[in-house]
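For chain U, the structure is supplied; the task is to place chain F with the ligands on it using the hints.
Each chain is listed here by its residues.
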Amino acid sequence: MSTWHSYFKEKGQAPDWPYPIRFEQEQEIDTDVLVIGGGIAGCWAAISAARQGLNVALVEKGDTVRSGAGGPGCDHWCNAPANPLSNVDPDEWAQHMADRPYCNGIGIQIQCRENFDTLLELEQMGGKIRDTKDEYVGAEGRDDKTKFMISPRYTKVHSYVPWAIKPTTFKSNPDQKLNNVVIRVWGSTFKPVLKKECKRLGVKIFDRVMATSLLTEKGVQGGRVIGATGVNNRTGEFMIFKSKATILSTAGAGSIWLISTELGGYCNMMSRTITGDGTVMAWKAGADLTTMESSGVLRIATGHKHKWYTGAGDASYENVPLVDANGKRLPLPIQGWVDAGAMVASPEVDNKIREGILKGEYALPFYGDFPAMPEVERKATWNLMLGEESTTKIIIKTFNEAGYNPGRDLLQSYKFIEGNSLPQWGEAGYGGGILVDWDLKTTLDGLYAAGTQMFAPEDHSYAAATGRYAGRKAAAYARQIGKSKISREQVDREKARVYAPIKRTSGVEWKELHAGIARVMQYYVSEFKTGSLFNMALDVLKRIEGESVPLLFALDPHKLLRSLEDLSLLTYAQIIIQAMKARKASSAPLNFRRIDYPALDPPEWNKFITIKQENGKVKTGELPLTFWGNMKNQYEARNKDYTGVYKRK
Amino acid sequence: MTQKKISAVPNVATPSAPVIFNPDICDGCNTCVEVCQIDVFMPNPEKGKPPIILHPDECWYGGCCVNDCPRPGAIKFNWPLQQRGYWKNKATGEVHQI
Ligand SMILES: Cc1cc2nc3c(=O)[nH]c(=O)nc-3n(C[C@H](O)[C@H](O)[C@H](O)COP(=O)(O)OP(=O)(O)OC[C@H]3O[C@@H](n4cnc5c(N)ncnc54)[C@H](O)[C@@H]3O)c2cc1C
Ligand code: SF4
Ligand code: SF4
Chain U
171 MSTWHSYFKE KGQAPDWPYP IRFEQEQEID TDVLVIGGGI AGCWAAISAA RQGLNVALVE
231 KGDTVRSGAG GPGCDHWCNA PANPLSNVDP DEWAQHMADR PYCNGIGIQI QCRENFDTLL
291 ELEQMGGKIR DTKDEYVGAE GRDDKTKFMI SPRYTKVHSY VPWAIKPTTF KSNPDQKLNN
351 VVIRVWGSTF KPVLKKECKR LGVKIFDRVM ATSLLTEKGV QGGRVIGATG VNNRTGEFMI
411 FKSKATILST AGAGSIWLIS TELGGYCNMM SRTITGDGTV MAWKAGADLT TMESSGVLRI
471 ATGHKHKWYT GAGDASYENV PLVDANGKRL PLPIQGWVDA GAMVASPEVD NKIREGILKG
531 EYALPFYGDF PAMPEVERKA TWNLMLGEES TTKIIIKTFN EAGYNPGRDL LQSYKFIEGN
591 SLPQWGEAGY GGGILVDWDL KTTLDGLYAA GTQMFAPEDH SYAAATGRYA GRKAAAYARQ
651 IGKSKISREQ VDREKARVYA PIKRTSGVEW KELHAGIARV MQYYVSEFKT GSLFNMALDV
711 LKRIEGESVP LLFALDPHKL LRSLEDLSLL TYAQIIIQAM KARKASSAPL NFRRIDYPAL
771 DPPEWNKFIT IKQENGKVKT GELPLTFWGN MKNQYEARNK DYTGVYKRK
Chain F
35 MTQKKISAVP NVATPSAPVI FNPDICDGCN TCVEVCQIDV FMPNPEKGKP PIILHPDECW
95 YGGCCVNDCP RPGAIKFNWP LQQRGYWKNK ATGEVHQI
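Protein sequences appear in the order of chains U and F. Residue 819 is where the first sequence ends in the numbering used here, and the numbering goes up by one at each step. Residue 132 is where the second sequence ends in the numbering used here, and the numbering goes up by one at each step.
One chain only, chain F, in its complex shape:
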């Protein structure tokens, strides 16, 4: 097994990814970067690639990045584990979570 180089990095911020990009659909237009009131993202240095999530811990969870994305499916909201809502099928009683 080839061992990749391991760098020393600080802990990952929590929550680490308020959104998940789909690189096959996202064309790197950076609309989400611009509408974010917090500046959670930065444009990817490589043009055409999804933005980089730079300040995930500062996300306000207002959702404008996802709501305003012009390419459906390019960006998906990713609630932190402790914020994921539940629902229950009224007829069967089956419980689901986001």
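Isolated chain U (complex conformation):
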């Protein structure tokens, strides 16, 4: 009797809603610093603001203990050139990583300077970052003195995609020793200790609350941000937060392209809970966004693809040599020590294998040849790397329990047999986010951003280090500013919007709306990008807004949450298209190709396009590609008071 249907069959009735219902009731919270999104960046922001002695409130849609993309774990602490085993200078490494066009040089500099301190603080809290139990003695990259485990990633090749970044000889590493900038960690220990530290420091945590809008001074667009609203997704209670400084850390939007009315949990590399809320809140409040026109490629999604991360097992990369069905080695990079960092095969290699398959040279399916690996490396890959990397932990567990033995068995790879992602499933909008300055302040006073919420995000340690930094800067701001009165009219407007779906019991439900939005993106904002299709997309999305949204219905607080997420996606989709319209050129690094402007990266378009709303109208602007200036100098000028690793009291 553990499914709804079996309960119904047995009891003859549906279970009652398990939580008290408080639709329309209000709770008001007064705080110095408000953090929205309790994932990796949000937890770190809350902790670092609370260390400054201020009152901090943290709002999280799920439960902070395991929420977000990094909730289940993390096995690679990337870009940590300040670690004692690194052979490159942090500033030089940062500069090198920031050589990629349309990256975020500010965030990268913060990451490279501060993420090793951040990691040591994690250890203080109880996170596991070293091989303290001597399980991997003899593994390559293990330092016997510090017991740190260096990962092969980036040791020689400095990117997942080896051809995307030019090879360099670092001045700080003239002998070309291994760079040693990525550390293997036991990240499944991280999220619970972050929540514990928040509590220890007195952070007020509001779990199961979805923030829905930002409150601004006098309730006007472009005004200073002075709080936020939210709704509890178990009780339906309305939350009003008043704050001096607010940090957005709700990451990006994960499923704007994917249609599956059956698999509502589908996602890509981000958590299912990531639906563009923070970006949309900032947009409505009048903050500048940038790189919203960029696209990723769909790599993983429950039900669609068979990758490690969201379902079943796939030995398509990461340390394991791949062989064909007859045991013949494939010319794919291993990413482990052998290839020292390469992770993805070049298109030429992929093509060669494809042709080989058709000619009978390689037999499908392919397999990850775990038994061929040296034992300690196999153990480090299976138990530590895959055992700790977020959603892979459960994959390892289920495989082990089902009788898989990496020392004996080949693990099937789904490369080629599952096909490539359809081009229209490109996760456009990935890489887009809120524009920030050297304080990680947005273009609105009182509003900060961290982690994947910012434009051009990177990874876990990036989210952690930028969260920690934003917390510090927001606290400094909050310390010198008074409170403002919130606009009751703005609150009432938001309340009416939030509760509209619960006033109806039939019409359009959230899954249909989600699929409807995704379909528009698949038709008109896909491989064939051009101005006339963008305009059609905007027309249809407007029609959805005018005709379907007024029919949206939600039967309980949970379905209300999903409905409100769809409303975020609907706006997010429109922002993406507005940004795409504004870039009248194609661009390789942005993975953005327009039929009407086919020239790739013409020099006059090598710039950031910024986009915001002013008096409800879309306004675009531009910024030079390295608008942040000299990274080292800018960072140092603003962080003279930085005290390094926190001394726990």
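Mixed in with the good hints there might be a few duds.
Said to hold, decoys possible - Here are the simulated lysine-lysine pairs, DSSO-like style, with alpha carbons at most 30 Å apart: (1) 611/U - 567/U; (2) 81/F - 549/U; (3) 122/F - 567/U; (4) 374/U - 611/U.
As the list claims (entries may be wrong) - Listing some non-contacts, in silico: residues in chain U with all C-beta distances to chain F over 10 Å: (5) 261; (6) 363; (7) 565; (8) 728; (9) 783.
Because the hints were derived from the structure by calculation, they are not lab data. Beta carbons: idealized from backbone N, C-alpha and C, even for Gly.
Leaving out everything else, chain F with the ligands in the frame of chain U:
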């Protein structure tokens, strides 16, 4: 044969059960309910009983519910059929699936 009452119910969501509880081991502590970022489960109205899977179709397959359960064997992951991985014994060539 006694015919049980049949109610009219909508289709079952797909996949219908991302996890399977063992009611003999599970003590209804609801840790899994709390760690789930999606709120797939709700606590069972009867105290001490396994949670009820309310939103199985929204599962992210991140596995925290199983990983964090304090009672080994109380909750087992149940990959949907289309997501079940394969492996092959290198020596014998025998193919298995989760
Ligand atoms: C399978 C997988 C494996 C990965 N492995 C690694 C790795 O080994 N190394 C690495 O560096 N990176 C890895 N990553 C990436 C890493 O997890 C992310 O970069 C990191 O979690 C980003 O942190 P964040 O705080 O920006 O976002 P998240 O951690 O996703 O946090 C965002 C939070 O905001 C909350 N939220 C969203 N909307 C709202 C709202 N409206 N109101 C309140 N709260 C809201 C969400 O619930 C969530 O908790 C992996 C990711 C995945 C999915
Ligand atoms: S399955 Fe485990 S975590 Fe969930 S209620 Fe039962 S004992 Fe608790
Ligand atoms: S796998 Fe994750 S999303 Fe699915 S039920 Fe378990 S905790 Fe919830």
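Residue 81/F paired with residue 549/U [C-alpha distance capped at 30 Å]
violated, 41 Å
Checking one constraint from the list: CA of residue 374/U to CA of residue 611/U, max 30 Å. Satisfied?
Answer holds: residue 374/U to residue 611/U is near 23 Å, not above 30 Å.
With the threshold set at 30 Å, check whether the alpha-carbon distance from residue 122/F to residue 567/U stays at or below it.
holds, 17 Å
Beyond 10 Å on every Cβ pair: is that true for residue 565/U relative to chain F?
violated, 7 Å
When you look at the beta carbon of residue 261/U, is every beta carbon of chain F farther off than 10 Å?
Non-interface label on residue 261/U holds, nearest chain F Cβ at 36 Å vs cutoff 10 Å.
Satisfaction of hint between residue 567/U and residue 611/U, Cα-Cα up to 30 Å:
Violated. Residue 611/U to residue 567/U sits at ~41 Å, over the 30 Å cutoff.
Check the non-interface label on residue 783/U: least C-beta distance to chain F beyond 10 Å or not.
The assertion about residue 783/U holds, with a minimum of 30 Å to chain F.
Over 10 Å from every CB of chain F: does residue 363/U meet that, or does the non-interface label fail?
Its Cβ never comes within 10 Å of chain F, the nearest being 13 Å, so this holds.
With d taken as the least Cβ-Cβ distance between residue 728/U and chain F, does d exceed 10 Å?
Not fine: 6 Å to the nearest Cβ puts residue 728/U too close to chain F.
Against the hints set out earlier in the document, violations occur for numbers 1, 2, 7 and 8.
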